[in-house]
Amino acid sequence: MTAAIDRRTPDDRSSSDGSDLPDAARSGGPAVPAAGATPPGDGPGREALSEMSHPHRARAVKNGVAKGVMWAAFALAMVPLVWILGTVVAKGMHMLTTMTWWTGNQRNINSDDFGGGARHAIEGTLQMVAFTTLIAVPIGILTAVYLVEYGRGPLARAISFTVDILSGVPSIVAALFIYAVWVTTFGLGRSGFAASLALVLLMIPVVVRSTEEMLKLVPNELREAAYALGVPKWVTVVKVVLRTAYSGIITGVLLGIARVMGETAPLLILAPYTKNFQRDLFNGNFPTLPMMINQDRGDFALTTAAERMWGAALTLILLVLLLNVIGRVIAHFGSVKK
Amino acid sequence: MSTVTGVSTADQTPGPDGPQPLQGDRASTGRFGDRIFGGAATVSGIVVIAIVSLIAVFLVVQAVPALMDNSANFFTSRVWAPGGDKPAFGILEFLWTTVAASTIAMLISVPVGVAVALFITQYAPAWLRRPAATLVDLLAAVPSIVYGLWGLIAFAPVFKPVQGWIEDKLGWFPLFAPTGISGGTICFIGVVLAIMVLPIVTALSREVFDQTPTPHKEGALALGATQWEMIRTAVLPFGRPGVISASMLALGRALGETIAVTFLVSALSDGSPWTWSIFNGGETFASKIANNAAEFSNPTKTGAYIAAGLVLFVLTFVVNSIARVVIERRKAFTE
Numbered sequence: 001m002t003a004a005i006d007r008r009t010p011d012d013r014s015s016s017d018g019s020d021l022p023d024a025a026r027s028g029g030p031a032v033p034a035a036g037a038t039p040p041g042d043g044p045g046r047e048a049l050s051e052m053s054h055p056h057r058a059r060a061v062k063n064g065v066a067k068g069v070m071w072a073a074f075a076l077a078m079v080p081l082v083w084i085l086g087t088v089v090a091k092g093m094h095m096l097t098t099m100t101w102w103t104g105n106q107r108n109i110n111s112d113d114f115g116g117g118a119r120h121a122i123e124g125t126l127q128m129v130a131f132t133t134l135i136a137v138p139i140g141i142l143t144a145v146y147l148v149e150y151g152r153g154p155l156a157r158a159i160s161f162t163v164d165i166l167s168g169v170p171s172i173v174a175a176l177f178i179y180a181v182w183v184t185t186f187g188l189g190r191s192g193f194a195a196s197l198a199l200v201l202l203m204i205p206v207v208v209r210s211t212e213e214m215l216k217l218v219p220n221e222l223r224e225a226a227y228a229l230g231v232p233k234w235v236t237v238v239k240v241v242l243r244t245a246y247s248g249i250i251t252g253v254l255l256g257i258a259r260v261m262g263e264t265a266p267l268l269i270l271a272p273y274t275k276n277f278q279r280d281l282f283n284g285n286f287p288t289l290p291m292m293i294n295q296d297r298g299d300f301a302l303t304t305a306a307e308r309m310w311g312a313a314l315t316l317i318l319l320v321l322l323l324n325v326i327g328r329v330i331a332h333f334g335s336v337k338k
Numbered sequence: 001m002s003t004v005t006g007v008s009t010a011d012q013t014p015g016p017d018g019p020q021p022l023q024g025d026r027a028s029t030g031r032f033g034d035r036i037f038g039g040a041a042t043v044s045g046i047v048v049i050a051i052v053s054l055i056a057v058f059l060v061v062q063a064v065p066a067l068m069d070n071s072a073n074f075f076t077s078r079v080w081a082p083g084g085d086k087p088a089f090g091i092l093e094f095l096w097t098t099v100a101a102s103t104i105a106m107l108i109s110v111p112v113g114v115a116v117a118l119f120i121t122q123y124a125p126a127w128l129r130r131p132a133a134t135l136v137d138l139l140a141a142v143p144s145i146v147y148g149l150w151g152l153i154a155f156a157p158v159f160k161p162v163q164g165w166i167e168d169k170l171g172w173f174p175l176f177a178p179t180g181i182s183g184g185t186i187c188f189i190g191v192v193l194a195i196m197v198l199p200i201v202t203a204l205s206r207e208v209f210d211q212t213p214t215p216h217k218e219g220a221l222a223l224g225a226t227q228w229e230m231i232r233t234a235v236l237p238f239g240r241p242g243v244i245s246a247s248m249l250a251l252g253r254a255l256g257e258t259i260a261v262t263f264l265v266s267a268l269s270d271g272s273p274w275t276w277s278i279f280n281g282g283e284t285f286a287s288k289i290a291n292n293a294a295e296f297s298n299p300t301k302t303g304a305y306i307a308a309g310l311v312l313f314v315l316t317f318v319v320n321s322i323a324r325v326v327i328e329r330r331k332a333f334t335e
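Chains as they are written, first to last, in my numbering: chain A, 1 to 338; chain B, 1 to 335.
Isolated chain B (complex conformation) (with noise of 0.2 Å):
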């Protein structure tokens, strides 16, 4: 099953006269039931384009009176106050802890994540590999508000001292500066993240280094390469493209992540000043929308906050595209 990443093995084998799509086509006679079920089927897969579709259309639609009447710029103001006759709203400060946290949940998630993925495919013995996949497929089964409630509950109070002696020693840097924040910090978020978002990873790294074709391993291993360097030149060059989009798929899900964060963030106080340290608190885009879901009374300010998750759309569509195109060149590439 390889219902993250949408390739399947059936994909790439080729049947008893070589690949082929399925045939039956012709089959359809236009009998009454054939039009019907067939209607149904085509039917049903329009439905799923068009709730793509409208769930662009009306972002957008609900967005753009509430833009019109902003009178701060949306892209480049920190300020969030969309209440009131005069509402002033701009997203910079969410784009920037989203970004950020997500950039070091990936820092964190994609090494690890291909190097479990090489454990379970390479290196673990083999009555290991199906107990160790299980085991890692079970983190993702853990729903996202437990993590939540796991970080704020049971790691913050491990993670506040780590965070201490990385600003007591590389404070001077801007990036680990200290800001007085210790709870929910960018950095903390990052890294509970990055837990969550690890099995992504290695599901679809393990699915295409299990594919590397055992011709290219065994002639590395024949020409003395060690086991290192056989990965190094055989496995980890064929797997590239799909590292790449199933590092793409991980970074969706941590932009997007939503309870997990509304759980762990601290929100910064109005007016507090910008700083670029991984170490201040601020709400991603996310968590702004969940813990003002009770605020939505107004046409304005709820088109506030739309604007906000079209953004943050804009922002996941992007990525996620990129992983697709990266995964689809790869299979027509091996085809």
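Isolated chain A (complex conformation) (with noise of 0.2 Å):
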């Protein structure tokens, strides 16, 4: 019976999809009998029955090389996963043990200088992405807030349609844009604001849909005990329903931090790279962490160069894993309740 439970189970136990099966029907439920359940006698029934007990060879012979395809299939993804952290660990960790790492920038070294440090890249990298969140998460939530509250229509239809539109949007493009409107158009110089609003038009598609996601799971009868009470409408979702939904929301937008503050292409086109501090984020050069790691890309074969270009990876991928963990905690334990 053994085999037959294990069968079964990948489907049964996936209480996720919200089947109301009886347990009963759960474990027990229709599934190939096993040898042993085979009822005695002779006849066709009996032939048709064991012919499911035992599949034909080459139908099991199949089943199984499917299983192995599968199981295949998931080590060959986690390959890329397990080379790329460890060699990216392993590679940049004592770039980041050092102090100056954290305390110093760049200035003054070059690509064949060891070390240095990544303090400048780091601050501009959170300024950046802090204002970016400033102007994207009041449109992205108020979009969400009308798509699932007021919009009805075409209106909301089209709302709905550029939000998937602008979400495909490649960076690159966006970048042109922000270029077009604010350097050819306004004739303004390249700043660390342009890269912002480009990174603003990426993060916004992301912190609509998962702001909409929170807000249709939030019961009706919320709303409706609300009104019924009187509340006006304004209130009742900014009392009720943003705060019901809070913790998602939040989920949303650290993963709508997480994915731009990887970016690189807004950054390579509207915010060159500089190797000191610099905390104006409306004139001249901007330094970032993705810069950093591009500024020594010609010079990859230096050992001192791939160092720092490790160690900005590194320190790039904890700050957007940590964002991500954090999101992921707060999505787990403040979770609406269905």
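Mixed in with the good hints, there may be bad ones.
[Said to hold, decoys possible] Which bits of chain B does chain A cover? Going by a derived footprint, with three or more residues having C-beta under 8 Å, they are:
| hint | region |
| --- | --- |
| 1 | 88 to 101 |
| 2 | 220 to 231 |
| 3 | 287 to 298 |
[To be verified] Selected chain B positions facing chain A (in silico; Cβ < 7 Å):
| hint | residue |
| --- | --- |
| 4 | G39 |
| 5 | T42 |
| 6 | G45 |
| 7 | F119 |
| 8 | V146 |
| 9 | L149 |
| 10 | W150 |
[Claimed, not checked] Listed below are the simulated BS3-like cross-link pairs for lysine-lysine, each with C-alpha atoms no more than 30 Å apart in a straight line:
| hint | chain 1 | residue 1 | chain 2 | residue 2 |
| --- | --- | --- | --- | --- |
| 11 | A | K91 | B | K160 |
| 12 | B | K86 | A | K275 |
| 13 | A | K216 | A | K239 |
| 14 | A | K216 | A | K91 |
| 15 | B | K160 | B | K301 |
Hints are computed from structural coordinates only; laboratory data are not their basis.
Glycine residues also receive a C-beta, built at the ideal position from the N, C-alpha and C atoms.
Work from the hints to combine the two standalone chains into their complex.
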């Protein structure tokens, strides 16, 4: 019987699909009967049953091959993950253990010089991402509120469609667009702020989609209860709906931040790198972690440059992972209960 | 969470009174606060529409003058010399490299991604499912510049002998003809892109496979199907639209991927002969633009790059729209 149970468990244990089957049906449900379950006696029925429990050789082989292929595919997918993370940690870790890395910058350090700090780039990245978040989150959340709470008809459909389109816009195209507006049309210089604007375009759809999802999970009864008490709609949305979905929205925002933090294309076009500390987002070059990696691209054959690139990559990955982990933890502990 | 797809379980789970849109529209009473808040929400939505329209408008407006000055055919020329008195630029080479690399990425990532999704939803023991899904999602959390760095330093030396072997054995076939380039070939870029878009294919496919109705699966098993036959007859047909739109979304991402490709490409020298080989070098739209960001010096030059960006925008727009249409139709079908 074990064989039969094994075959079904993957389907039945996925309680996430919300199946309402009683327990009996789950554990003993319709399945390929094992050999022992075949009723005694002769006749066509018995043959059919034994055919079921012992699938034809070719079918059994196919089944086994398929199973092997799936396991192999998963193992194959894990190879690059382990390889990438392993390489980054192995080659970048010793940069992060030096004190200078967290306090210094790259001023007067050439590709063939060892070490230097990354603080300018870490600060720059955080500052730029904070600015992006400040612009993208209100627009994103309000748009999601419109789609779930207000929007009906053609306008809502149009907004939903454009959010989809926006989420598919390549980062380089978003950067070109901001360049066309900011630099070519208004004649303003490249700056960290211009790059932030391009990142806003990339972040909005992530925030809209995840917030929308969370707002849809808020039970309608909560809204109705508020209305029944005479609470105005906007207070209901702000104090009941948004508050209930709060943790899910935060998660979505963090994932959105994680997505734009590693974006490089807009920085390449809009925010040239500097090796110095630079806190002015509006004028001149701006240091960021991705651009710090990009800086040494031509000299990757030099150990000193390669080390710095791996160190910056590890720092960037750690920042992104940290946000992802925080996002998932918040999602786990504060999710809307159905 | 299904931010990748825009399809939520909430859409599929009907309330106690059957599927209904969320009510409450009429609760708005025209109070001052209501008008302000509702107005702000509407304006945000319109801002999003405006942004997308403006992207198209600005790109077109700035590309057209450059295209007018272009002395070569924009679509069929292989020359890229937007500077000078007589600018000439064509996108044929970028188009070929972009499409070829993305196609290779799809050929690898779709079968593997679907298999991984099937593994996670159908084959993995229960304890392994969540960790496995998280691990695959982790691939998506790695910034693309890190893929570029890894591809450049760690993966390229490993891929080189593989390419050499294929060139050796299958070099007589035009697609695999040796070109003497061994670094960032189209094929190599395709493989790296495949790894990058794998989590997209897997995430969405996993979602639809998970929604396969249990009675379908149990029905198949009860009729004596082996597990593989059950997947082939119940799970895969049910999930097909999801897999198609997942592939389209992934394709959109592969077409527009910038920095990883920029790290890896080997640009061809001017006037190098045309070849169909996937072991040739060449720039994609995105890498060409990114590599020449410093060259945006005069309107015609900038316009030429913006025109290339516009083509990329249109390509991804079409691909993404197809994905949306497919998944919308499926949604309408399941409701």
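### Query
Hints broken by the structure, by number, lowest first?
Violated hints (numbers, rising): 1, 4, 12, 14, 15; every other hint is consistent with the structure.
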